[in-house]
Amino acid sequence: MTLTTPVNYPFPWTPPMAIPEAWETLRERSILPIALPSGDPALLVTRYKDVKALYSDHRLSRNTGRYPTSRISADNVIFNDPEVDNDPPRYLAERSLVTRAFTARRIEELRPFVWEVAEELMTAMEAAPRPVDLMEAFAFPLPIRVICKLLGVPAADQAKFRHLVDGFLSVTKLPADEVDRCRTGLWNYLGDLVVLKRENPTEDLTSALVKISDDDPERLSDHQLQHWLQTLLIAGYVTTATQIGCSLAYLLHRREVATEIQNDFSLVPAAVEELLRYQIMGASLGSLRYCIEDIELDDGTVVPKGATVLLSAEANLDEEQFECPMKMDIRRKPNNHISFGSGIHYCAGAPLARMELQVSTEGLLRRFPELRLAIPGDQLRREVGSFLDGFAEIPVDW
Amino acid sequence: MNPPRVSRLRVSADRSKCVVSCMCVYRAPTVFDQDEDGLVVVLESNPPIELADDIRGAAEGCPVGAISLREDVDAQDEVVQTG
Chain S
1 MTLTTPVNYP FPWTPPMAIP EAWETLRERS ILPIALPSGD PALLVTRYKD
51 VKALYSDHRL SRNTGRYPTS RISADNVIFN DPEVDNDPPR YLAERSLVTR
101 AFTARRIEEL RPFVWEVAEE LMTAMEAAPR PVDLMEAFAF PLPIRVICKL
151 LGVPAADQAK FRHLVDGFLS VTKLPADEVD RCRTGLWNYL GDLVVLKREN
201 PTEDLTSALV KISDDDPERL SDHQLQHWLQ TLLIAGYVTT ATQIGCSLAY
251 LLHRREVATE IQNDFSLVPA AVEELLRYQI MGASLGSLRY CIEDIELDDG
301 TVVPKGATVL LSAEANLDEE QFECPMKMDI RRKPNNHISF GSGIHYCAGA
351 PLARMELQVS TEGLLRRFPE LRLAIPGDQL RREVGSFLDG FAEIPVDW
Chain A
1 MNPPRVSRLR VSADRSKCVV SCMCVYRAPT VFDQDEDGLV VVLESNPPIE
51 LADDIRGAAE GCPVGAISLR EDVDAQDEVV QTG
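For the protein sequence lines, the chains are S and A, in the order given.
All letters in the first sequence, in the order written, are residues 1 to 398 by my numbering.
All letters in the second sequence, in the order written, are residues 1 to 83 by my numbering.
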């Protein structure tokens, strides 16, 4: 790594279960010039302290579609929709309409339903020919069923939306015209959903948001409404499914850790947090921001106005913040990882994701005491060319 | 000399900052709650001293730094502040 040559980012996972070497030395400099998959330049802010501070810094804008922000993908604008306003004050006002559905109490009320879905999926796994692909048999269907319930979408619609969402999240996987077809398809699918809920409102978040938008379009415009539904649907299952896969694959790869949890299931919540810290998925692409004023970092280095910035999720391995960061310690405390981001854009669905991860981890390790990877962990295949780099499949047996 | 002894905890939360991460409720459930919208509510502004660690964890876990903990120290005019 030199100062002048940008490093290609994200760093490749080779082999698939090992933390990329670059993550360890990343923080020698507070800013690392990188090249995004599009080839466009960006700056990666590497240290936990700076990352944390910048997540709460209004000089970084999330309205990346409204500034000349570097592109993640050459073929897909992904989240850079210029029509969407993602900065305060509008962002915060709209966010609060959504987060009321994600209070600790409401998420706890959902937990029995998530257990029910998990049990049903595991029963189907028992009846299926082995090895079973954990991604398709469990990791995807669980959060899909849950977000569909929350949004009031028939789970059978996944046949319609899954391919569209894959296209929406393509970085290099699909050509530009296919990406466009998927984006349009997804937008139209959500538009139809809005119409349906307007005509036949039900007890779900979509109906509630449609009503708010109809009552007062100033509060939530049609476009912002659909943008939020899109975000909720995508973030509601792709990220959780990917993390369930990454967490379980890692636990089964380090089987002694899974056994430790099986001997004491009260370890599950802390283990889930540690796996979130350690099994970072999607690198830092989700933190893309545009710098609207010079920002001085802790060591005096300046992030210049006009730069495209990524806030490093790899800061989860910063030794200034985490003791023995390369060690996976399922009892780690404190564990203030930044896998859900920080600041006002902190993942609105984090409480739901945490609960789903807890149920998944405990459910699978309880129902299948002998659960194991059907192939060596180092032969697992990661997704390539997508926004999230989880496992394409995880064959398991027991 | 003995280390200064904390005599009183004082907890407060800035609801205007709250983004409903729920971290405070998870880490110190007897001290924090949420209203209907999910905004933080302090249940006990002078909680028992044994809860200092949990509350510190809640303050450090809050993604927007909405929680403050003041630890008043016995016999000295010293105050430790988190968040």
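Because the hints were derived from the structure by calculation, they are not lab data.
Incorrect hints may have been included.
[Stated by the list, open to error] Straight line, CA to CA, 25 Å or less: simulated BS3-like cross-link-like pairs of lysine-lysine:
no., chain 1, residue 1, chain 2, residue 2
1, S, Lys327, S, Lys149
2, A, Lys17, S, Lys52
3, A, Lys17, S, Lys327
4, S, Lys333, S, Lys149
5, S, Lys160, S, Lys149
6, S, Lys305, S, Lys49
Right, here's what the structure says about each hint:
Under the criterion of a C-alpha separation no larger than 25 Å, the hint pairing lysine 327 of chain S with lysine 149 of chain S is inconsistent with the structure, at around 37 Å. A threshold of 25 Å between alpha carbons decides the hint, and for lysine 17 of chain A with lysine 52 of chain S the separation of about 16 Å falls inside it, so the pair holds. Straight-line distance between C-alpha atoms of lysine 17 of chain A and lysine 327 of chain S comes to about 34 Å, which puts the hinted pair past the 25 Å bound. Taking the CA atoms of lysine 333 of chain S and lysine 149 of chain S, the gap is near 34 Å; set against the 25 Å cutoff, the hint is violated.
For the hint pairing lysine 160 of chain S with lysine 149 of chain S, the CA-to-CA distance comes to about 16 Å; that is within 25 Å, so the pair holds. Only pairs whose Cα atoms come within 25 Å are accepted, and lysine 305 of chain S paired with lysine 49 of chain S is accepted, the gap being roughly 20 Å.
When the structure is compared with the earlier hints, violations turn up for hints 1, 3, 4 and for no others.
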